[in-house]
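S.K.: These protein sequence lines map, in sequence, to chains A and B.
In terms of the working numbering, the first sequence opens at residue 1 and continues consecutively.
In terms of the working numbering, the second sequence opens at residue 1001 and continues consecutively.
Heads up, a few of these hints could be off.
[Stated by the list, open to error] Cβ-to-Cβ under 10 Å is the rule here; a few derived chain B residues that face chain A: (1) Leu1048; (2) Gly1224; (3) Gln1225; (4) Asn1475; (5) Ser1477; (6) Thr1511; (7) Ile1522; (8) Ala1530; (9) Tyr1535.
[Unchecked claim] Here are the simulated lysine to any residue pairs, SDA-like style, with alpha carbons at most 25 Å apart: (10) Lys1031(B) - Gly15(A); (11) Lys9(A) - Met1506(B); (12) Lys1510(B) - Phe26(A).
[What the hints assert, rightly or not] Label pairs and their in silico Cβ distance ranges: (13) Leu1396(B) - Leu28(A): 31 to 41 Å; (14) Leu28(A) - Gly1131(B): 50 to 60 Å; (15) Lys1032(B) - Phe195(A): 55 to 65 Å; (16) Glu313(A) - Ala1259(B): 49 to 59 Å; (17) Gln347(A) - Val1156(B): 53 to 63 Å; (18) Phe195(A) - Gly1146(B): 37 to 47 Å; (19) Asp301(A) - Asn1471(B): 51 to 61 Å; (20) Gln347(A) - Gly1131(B): 49 to 59 Å; (21) Gly1418(B) - Leu28(A): 47 to 57 Å; (22) Gln179(A) - Val1393(B): 52 to 62 Å; (23) Ala1259(B) - Gln179(A): 27 to 37 Å; (24) Phe1490(B) - Leu28(A): 23 to 33 Å.
Think of the hints as simulated: they come from the structure by calculation, not from any bench.
Cβ atoms here follow ideal geometry from the backbone N, Cα and C, with glycine treated the same way.
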Amino acid sequence: MKQTNHSGKGSRIRGVLFFLVLILLFSLVSRFFIFLSSEEGRKGMHMRDYIYTALGEERKGSLDLLVTGNSESAASYSPLEAYTDQGIASFNASAYRLKMQEIYLMVENTLKRQKIKVLVLETLSLTEPVEENEALEALMKGEAEWVFPVFRFHNIWTHGLDPLDWQPAMWKGYIIRTQVKRPKNMGLYMHPSDFFYDLPPANIRMLDRLLRLCDSKGVQLILYSAPSPQNYDMKKHNTFAKLAEERGLTYLDLNLLTDQVGIDWKTDSLDAGDHLNICGARKVTAYLSEAVKELEPDLPDRREDPGYSDWEEAAASYKKEADAGARKVMDRLAKRRARWQKAARKQAQGQG
Amino acid sequence: MGATGHMGYNELSYLFIFLPLTVLLYSISPKKFRKYVLTAVSWVYFWLCSKYLIVYLLGDTVFIYLMGLWIGKVGDSIPENYEVLIRKAEKSGEKSPEISALKRKKAFHKTLMLVSIIILFGILLYLKYTGFFMSIANRFIVKGGGVPLVAPTLLVPIGLSFYTLEAVGYILEVYWKRIPAEHDFFGIALLIGFFPQTMEGPIARYGDTVRQFTGEQKLFERNGQDMAYAVMRIFWGMFKKIVIADRLNTVVANLFDKAELPHGVMIIVAAVCYTVQLYMEFSGMMDVVIGSARLVGIKLPENFRQPFFSQTASEFWRRWHITLGAWLKDYVFYPVAASRFSKNLGKKVRKKSGRHAAKLATSALALTPVWLFNGLWHGPQMNYIFYGIYYLVLLLLEQVIDPARDAFYAKTGINRKGRGPTLFRILRTWVIIFTGELFFRANGLNSGVHMFLNLFHGFGISRLWDGSLLNLGINESDWLAVVLGTVVVFIYDLLTERGFSIRDWMSKRKTPVRWACYYALIFAVIIFGAYGTGYQAVDLIYAGF
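Isolated chain B, as found in the complex (with noise of 0.2 Å):
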């Protein structure tokens, strides 16, 4: 149970104080009221975390309500068939001042996009990159026997990247009029402000929510099992958080942070322990996150669907931080391939090089931004920005051997849906996420190269065995934990990715059985977990993002 500045979920204050009040408030409210009751106590929360820095988010609201309502009533008056009226008005050389009025109204239906969009971004690259920027700029400046700049300590209010995203997000379904603009200010303040997805998301989209905020929409009963199941969702996150990440935490630390680096076979068990850390904390505060929502009646998507089943990257990528990938393919990955310059090219290149050369440059063309959006996502560092072109490159090459694959499997005739070559392709992805985790742990990109490079050197696989273990911080009980934990993880997540619900198994048994379940895993957190004297409180890693 950690103890960090802010109130992070896994804490204490948040779990038996802000939250239970919470739902006490909620539960009291009339149900017209309930969309103040959330918007004050997700003020609340985001003030506990950042203070001052709240007005950043205020600010961010007031902005997007009112430039969603002008960007929408705009769009309301450009009549859906622009398109063919502009292209008619083209060919018949017609040039009537309603033409031109209407041309000018789009452009400036599309300027407001753009400067709402700039303006969040700008907030978000000032606070967060701007060091970053500055640095990269000072090789330059120094290089030229100039001063170098100096940058400003700034300070960046918690979860600002996600809700960013989820801010851009709506703006830009508004401009494609995908959805009408919102007239319910509370229900953009909750869009991007709602306490349980402060910290470290899901990214939330207008359709995920805003409707259950403003009471026009119920996904699900909120009734006395929904509330059990709730409770029961946020201990399963605090088992993986407690009982795995946090131990896992102080081995990672002592194979990444040391200004001696590991070599040979602990590389390997860096990067593995680093990645199930990694899936433990943050899909185990997802956990904690979505159950916290459910408890105030609100529905929160997935972000996360057994991504240790995954058989290629990119399916790796549809399973493993859903909500951001989900984003980046919506609002960068389709606009771009759909671009007039992305299909010229498609044409071009199909013509010269055939179809398959086609989909991988349009692919190419479209992936580049994702992948380098989704790495400097992450924050202003060389690895990070190493890790989304890995993934680019990891990606495109799946692409390029598609054809190549295919023909082995036809030729061979082993069925490519067996369980050997399943197999064979879910371990061949934990290789690839292991070896980008890796990376995107590092302490920077030379020290992510050196770690990589040293794999190769002295690889000594006894120490896996020789006690060589025992010296990363941990001892063997902790061990033991880690192991059985991830083992119990492993099989529930197997259990769900074979279409078998828990909670549906659950729902069938009798109340004593039920109850039996629900008490062993609230006991096994207490009495497994790694808190008190001895363990130290570990922050959330998300939220640093």
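For reference, chain A alone in the conformation it holds in the complex (with noise of 0.2 Å):
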């Protein structure tokens, strides 16, 4: 009986031949899961992948901005805003919890489709609780991930068990939130100290490589951190601003700029001064383009720019929901007043 030779040349050229066979089977099945993502598949699909599935079929070479960062920056800037405002073709890049390491790696795949001229990375992202190794398993994960596409949507089959025909209305990245729930209270919000936030090791390695990423690549960083009494405060200023300030890169606290944006907190937080709703975005997204539309003042503004027609019917759009979204917000204030009104009535009749 011929004996099968499991050493040696013969045995090497085989464990070769089935790694090139399992990587060329790793390309045609994400092929097939990125099929599947199209269309019903992106119904339950979790918010982070939502929002890269749409970041991916935007245009080539069709966007200017990049904001990016966690829930914070998912609830405060709105590309359409920007672009009816400012003309900047922008796109929000940004989800709940989001890390360094996962940040990193979407700008630097969205880098081979996009030519961006400016990136605006909100801060909290930089406090995101991160040990040594998780960071690295981040960063492994999500290259596996952007190489082969399965490994993001294996969870596609779960959609067809347990369907989530709805997904919200998405809008360049960004998402219309219309409850409002102004802050209890302002605790300590940017009171004076000379304090600084401990921010992990990790994040910061990862925010000195995006650093070089962008340089090598002609992008001007930007940091910002969104109005949220709930997490920020002077210690964290202190600290971003002198990781700025130690990088030459610009950094905007809009927490100490308030009264500039114009945030009125009765009207524009969404969950007690955690993240903002359509209200305060507006005000955010006004204030920011504008701000980086004067650090870059190459940014094309293409509103006039025939190939961004279809920007154009998606900013008509978005705006009526938009409007429609603040009238909510007011509408939900004013019925809030009405009940307590009432109750104040008949709580004073009562006495009487």
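Fit the two chains together into the complex; they arrive one by one in their own frames, and the hints show the way.
M.R.: In structure tokens:
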């Protein structure tokens, strides 16, 4: 009987061949999962993947500005608002608890398709707790997901069994949020302090890597902190200001500029001072887009560009929705006020 | 795929960076340097997991290496026929200086062994159990009106409970002269520090691994097919861990860790889910560990042998966490059972109450420390001690009812090896296992008792199909993955139990068929694994013991 040779050269060749076929299969299966992720498969997709998929579908070379970070930037920047106001073609690639490692990989991969001129990073991502080993894991998982999207979309088979036939409408990465709840008390929000906040070293290293990437691609990196009494204080401001200064970066802390931005905590907060609703997002976007335009005057105005007619249409649809959203916020407040007044009258009658 | 503070065997950094680099380094090293390479990477791994706490491992390594040599040397100077010589001298009343010197030497030999064991267990007790014993002491102190002691915060190096047992086992084996003291320092370093065993065992003995580490023994041919088998075993382990165990973790946390404990049928769901989770995770990680070791030419002992086909509780413990059971049998049970006290007790009871009672009495004497040790080894918690006592009582009960059971089969003429009785015994053992794991996982003994009693309140069997199972943190698709995955593992275990070797079957298949099976397993892990957005990484359960 012929003996199979399991050692030596033959074995090595078989091993290499096995891995080559495996890589081929990874590519094929990934393509299949990308196909599944378009249309129906998107329903039930987690927000980060939903946003990444939408970002990947933006026309090649069409974006000039990218905003990223965790839920703070997700709720505070609306790209179509910036397009209407300043003609900036931007995308908000932010998601809940997005890690710096994920942000880096997303930017790196986006820069392969887009010629971004400005990258705006919301600073709270830098505070996401991450241990050294977790940072390495996040980088490895993220890399695998970008190279073979089957790793990102592998859960898509579950959508068929647990259909979630609803995904919020997304406007270039931004989702209109209409809830309103004012902060109960502002505590020590932005009270003077000389202290600093300890950032995980893995996140600082990732910021530096991101900065090197931006420098190599001619992208201007800007840091900003979205208004959020629940998340920001002077300790964090001092830390980010120092970080930016040491690296020669522009840092806009909107928590110190709430008057200039026009934030009204009665109307603009979604959840008691954690995130902003549509009213707050409109104000932050107006301020931020103007500031970015000043910092990067070469940022083109795409409103007159015929290649951006689809943006015009999207902006018109968005405006309708955003206006309706803002009205909803005001209606909610008015109803709440009416309820309180009624309760107060009842109480007064009872006492009388 | 987990993300813990240390590099777990299920993490990408281990599977795709650390392990491949180690295998590469091992493969390109000349054979005589391989033990140094393995020691270096093992210490690097330990350092990555426990940082400066590696001093405990290094300290233990040097300590048992030197003590082993010392005990071995003293032991060598005691003649094999020591007992005969002493007995002869005692009989003749001779008091020669040689006999006195021999006795002193023997006493010194024993002292060296005891000191070694006390130091090794002392470190374990100090680091892991100080808080527990202090909390017990505080109950009395507070009752007596004193000021309670404050337990220090102590960091415990990874795998301390596992490598302490390996170290103690080695010292005892040298003391009993079953093995010679190891002169190769790297053999000892790897005995207690070999990287795949660091976190969860298996608890290897000198005879299992050391001669493989030192290059004196080769248990298998490290060729392409064996490497492929090892890699597939790692994937098989990952399948159990991330397709089944990690999904069940959410269910288990929802049932055990909420302030309001479940009742009725949900207690059964809790016990079954935790048992399945623990088996899938622990045996899955053993697959990763044994596969990893095989990639660097080392054959480790198995830790599981289809435990859910056990027909009695004692058989279960010969199939579940085998190396712990074997360690306790060799180093606790046998020494106690062979002690003079145990023999005298056996004689006395046999005279008074017969052979069965004597067997029962000596078993009780030897099993009590075994099970107390087993419970306490898992951690300083009352529910672990209860878990040990639970099995002690069950094992003794098995022995008590032995004659009655034999009489029953003889009287009824039922074939005890028939399908029906066998199935009945297997199912009965399942009930024993699930009940034990309920107490084992509970948050403290009170919670365990509370949950057990809740089983008898508002049973509500309809909650199995009225959608209640979907309120436990996982949805229909997750349950489907868990059930189908468990069925696949069950079929694999069933085939193995019946003597069918998947490995042999695979080795006889043509390359395309074999590769198709490999690819199917790899993609099953990738597509059905509970990882990525929406899933929480889960730490290794046994790494915490």
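S.K.: Hint Gly1224(B) vs chain A: min CB-CB distance below 10 Å?
M.R.: holds, 3 Å
S.K.: Restraint: Leu1048(B) near chain A, CB-CB cut 10 Å. Satisfied or not?
M.R.: holds, 8 Å
S.K.: Does the beta carbon distance between Phe1490(B) and Leu28(A) stay inside 23 to 33 Å, or does it fall outside?
M.R.: 31 Å Cβ-Cβ, so the 23 to 33 Å window holds.
S.K.: For the pair Gly1418(B) and Leu28(A), does the Cβ-Cβ distance stay inside 47 to 57 Å?
M.R.: At 51 Å between Cβs, range holds.
S.K.: Taking only the CA atoms, is the gap from Lys9(A) to Met1506(B) under or equal to 25 Å?
M.R.: Given pair Lys9(A), Met1506(B) holds - Cα atoms ~22 Å apart, limit 25 Å.
S.K.: Indicate whether the distance between the beta carbons of Leu28(A) and Gly1131(B) respects the range 50 to 60 Å.
M.R.: Holds - the Cβ-Cβ distance for Leu28(A) and Gly1131(B), about 54 Å, lies within 50 to 60 Å.
S.K.: Does Gln1225(B) pass the interface check with chain A, least Cβ-Cβ distance below 10 Å?
M.R.: Because about 4 Å separates Gln1225(B) from the closest Cβ in chain A, which is inside the 10 Å limit, the hint holds.
S.K.: Please test the hint of 49 to 59 Å on the beta carbon pair from Glu313(A) and Ala1259(B).
M.R.: 52 Å Cβ-Cβ, so the 49 to 59 Å window holds.
S.K.: Per the hint of 51 to 61 Å, is the separation of the Cβ atoms of Asp301(A) and Asn1471(B) within bounds?
M.R.: This hint holds: roughly 52 Å between Cβ atoms.
S.K.: Using Cβ atoms only, decide whether Asn1475(B) comes closer than 10 Å to chain A, and label the hint accordingly.
M.R.: Holds: closest Cβ of chain A sits about 5 Å from Asn1475(B), inside 10 Å.
S.K.: Would you mind confirming whether the straight-line C-alpha gap from Lys1510(B) to Phe26(A) stays at or under 25 Å?
M.R.: holds, 23 Å
S.K.: For the range 52 to 62 Å, tell me whether the beta carbons of Gln179(A) and Val1393(B) fit it or not.
M.R.: Since the Cβ atoms of Gln179(A) and Val1393(B) sit about 57 Å apart, the hinted range of 52 to 62 Å holds.
Of the numbered hints given earlier, the model fails hint 13 alone.
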